[in-house]
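*Asks:* Spelled out from the first residue to the last, the chains are:
2 protein chains.
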Amino acid sequence: MQHGFFTIISRSEFEDKLRGFTPLEAETVDLAGCAERVLAQDMIAPHDWPLLNRSCMDGFAVNARDAFGSSETNPGYLECVASLPIDKLPDIVLNPGECARIATGGVLPEGADSVVMVEHTQAMEQQVVGGTIEIRKSAAPFDNVMQRGEDAREGAVALNAGTLLRPQEIGLAAALGFESLAVRRRARVGILSTGDELIEVGEIPRPGQVRDVNTHTVAALVEQADGLPTRYGIVKDDMVSLSHALKRAIEENDLVLLSGGSSIGVRDLTVQAIEAMDDSEIMAHGVAISPGKPTILGRVGQKPVLGLPGQVTSALVVVHVLVLPLIRHLHGDPGAFSPNRRCLRKAELARNVASKPGREDYVRIRLEEREGQPPLAHPVLGKSGLLRTIVQAHGLAAIPAESEGLYANDLIDVWIV
Amino acid sequence: MQHGFFTIISRSEFEDKLRGFTPLEAETVDLAGCAERVLAQDMIAPHDWPLLNRSCMDGFAVNARDAFGSSETNPGYLECVASLPIDKLPDIVLNPGECARIATGGVLPEGADSVVMVEHTQAMEQQVVGGTIEIRKSAAPFDNVMQRGEDAREGAVALNAGTLLRPQEIGLAAALGFESLAVRRRARVGILSTGDELIEVGEIPRPGQVRDVNTHTVAALVEQADGLPTRYGIVKDDMVSLSHALKRAIEENDLVLLSGGSSIGVRDLTVQAIEAMDDSEIMAHGVAISPGKPTILGRVGQKPVLGLPGQVTSALVVVHVLVLPLIRHLHGDPGAFSPNRRCLRKAELARNVASKPGREDYVRIRLEEREGQPPLAHPVLGKSGLLRTIVQAHGLAAIPAESEGLYANDLIDVWIV
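From first to last, the protein sequence lines stand for chains D and E.
Going by UniProt numbering, 288 is the number at position 288 of the first sequence; the sequence numbering is gapless.
Going by UniProt numbering, 334 is the number at position 334 of the second sequence; the sequence numbering is gapless.
Incorrect hints may have been included.
Repeated chains share a single entry, so a pair holds when one copy, or any two copies, can fit it.
Derived BS3-like pairs: lysine-lysine, alpha-carbon spacing no greater than 25 Å straight-line [claimed, not checked]:
1) Lys88 to Lys356
2) Lys247 to Lys137
3) Lys346 to Lys17
4) Lys346 to Lys88
5) Lys17 to Lys236
6) Lys137 to Lys88
7) Lys137 to Lys346
8) Lys236 to Lys247
9) Lys137 to Lys356
10) Lys236 to Lys356
11) Lys236 to Lys137
12) Lys247 to Lys346
13) Lys247 to Lys88
14) Lys88 to Lys17
15) Lys236 to Lys293
16) Lys17 to Lys137
17) Lys346 to Lys236
18) Lys137 to Lys293
19) Lys356 to Lys247
20) Lys236 to Lys88
21) Lys293 to Lys88
Derived from the structure by calculation, the hints contain no laboratory data.
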């Protein structure tokens, strides 16, 4: 009836151990599959971008000196010598006193260094080209002009290795002609559930039996970090079955999550099954977060194996706090463990929440929206084996390990989950 | 050289028009594919959950009356009559003065209504079952017990239609035995780029030509809202080509995004091509946001068609502000247009930013992290045709239409994009 002996370590100590795992190798992926992936090599610009000075407005290409000082009350007048095609290099040279009609994206002709927006001009004759244009606004060099090399310089790093590729970075890669990129591989995550009381979702529970909630919850969480979950289903909680299933899952994945094992016996079994593998080690057994204390971190070869608490709320907190950052780390994201990766909302706590010092507490929070004020944050209390508490909650509030709690009306950060 | 005549409408007027489109129909999807989808029908619990009163701790099942008032200094003593199996209905009845060893998840026997954690007990003899247990903590009814029906009641709605299925809702569906769910279909989004200056990513640009950045940027954005993008590539900007491509894209998708068309001529062509379709209508032409003003909203049959600005930054802002909410709305998310769907960070503005009243301005923001203070928000200025400004930015700050700007040291919300 004794707890197995283990030393509880802090969240940051646990994270340090997770950081020790090596990010996954690179693979070459078509641009269409690169969004939200992490660049594995510096992306070097093969040429300047823009290639040449281009207009970013519809208007008239001018030499800024010719339009300098022009205004509504004191307009300038320039002769329009051409209408420039958008997709060709202009074959004209702009002389003093001349301008040329130019569309957004058009290349500036020699002699032009600025664009006056069409809204600030007036054609004096029916015929624009060959006619006179009234310029009603002063121009400075490079007004409304995207300059050659402003986005990228030939031979220079346009995006560093380790950059998380958002839509805008995908755009820059497209602009520079990359049809594919070297990005880090996505983590294959094997999910096993243990516990003799577990049955498959499609089965009818007898009293005492519960359906395998954690496999499905944890798999959905893994997808939030773009991991690739494989559901191995329920493993009988004996050493032979667990060792066999664990061995296979480790072979087929980059990370294994052993969900379930909330009872002391199963926890011990998880530890024994990890220790029985070749080249394995228990790296941590217990972390000072609540819920989530009995989390186990093991290593088999170079692959992490985590034993998650069996209570679904505890498992959810552990996955959010520790496992999704680990997956992002395996994906090569240098900010994987940064709280900046969290989506937080400021909210006003509705009532006091006590917390035991010495552990980081994650309180489920329901937000009540209010007009013109931060939302009210109601703690959702209830047993961590219940789903209701996390279904009713909009997020989690972390109470630091050194704190004895939070007070009503405190403005807190709610981590939307 | 005149702009086509159109009336600019506000963002909220534009959103009202988007809200008028009908969410997509339901489809039945395996539980493994339901995460981040929206429930199309109420999910009715087929039975109570938990099925019976269950322990959420390792410890001893007791009748709370027998343990009431027990403490470290004044412990109670109960006879342990059984060790309950986790996966079976207990076949014993607890009499006064008795307790039974129970594991997390175990079903409480008749006569028990509370669980005392193992940490607050001491077995007095070597043999637990048959021996005496010292109870060192008072118990109240349902302490450490998940009660029958606490998560869901037979025949009652466990999750409402319109619920966005997070990992925890997937867990509840699993607990209740749903192997599949009726969820709204994901939107198929056709993406077309227009502009004769455009070339494919794999081609080498001649002066004046640019690679098709928007297709790839917009497709990556669409995936952020779980839309299913189809890239139709570059369409020549003449009426025949555009009409032909638009017709096909409308047939094959639920939403069509016509990207490009930044120049006035192409905008007019987009309008004409939409109007030329059967049962079509231009619903809006211009929205009071910057960048993004020349956005076009059309309808062909019951399907929305949007003409996005050609400048990549403008297109990105319009997609974030208007298109991703539309996609979420088509997915059935009742909070699709709520700013609560945004991931915001509080930051301190580094310098004044002016804004024209009458339009909502979206300023690109680069965040500088600081220890123990909100990050400093640096506006990233630059032409909206450049990628650099959005690649350097961490997010957007919205300046309300009625405001003339923001001031240095203002605490602002930065929308992480």
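*Asks:* Hint compliance check: list the failing hint numbers for this structure, sorted ascending.
*Replies:* 1, 2, 3, 4, 5, 6, 7, 10, 11, 12, 13, 14, 16, 17, 19, 21
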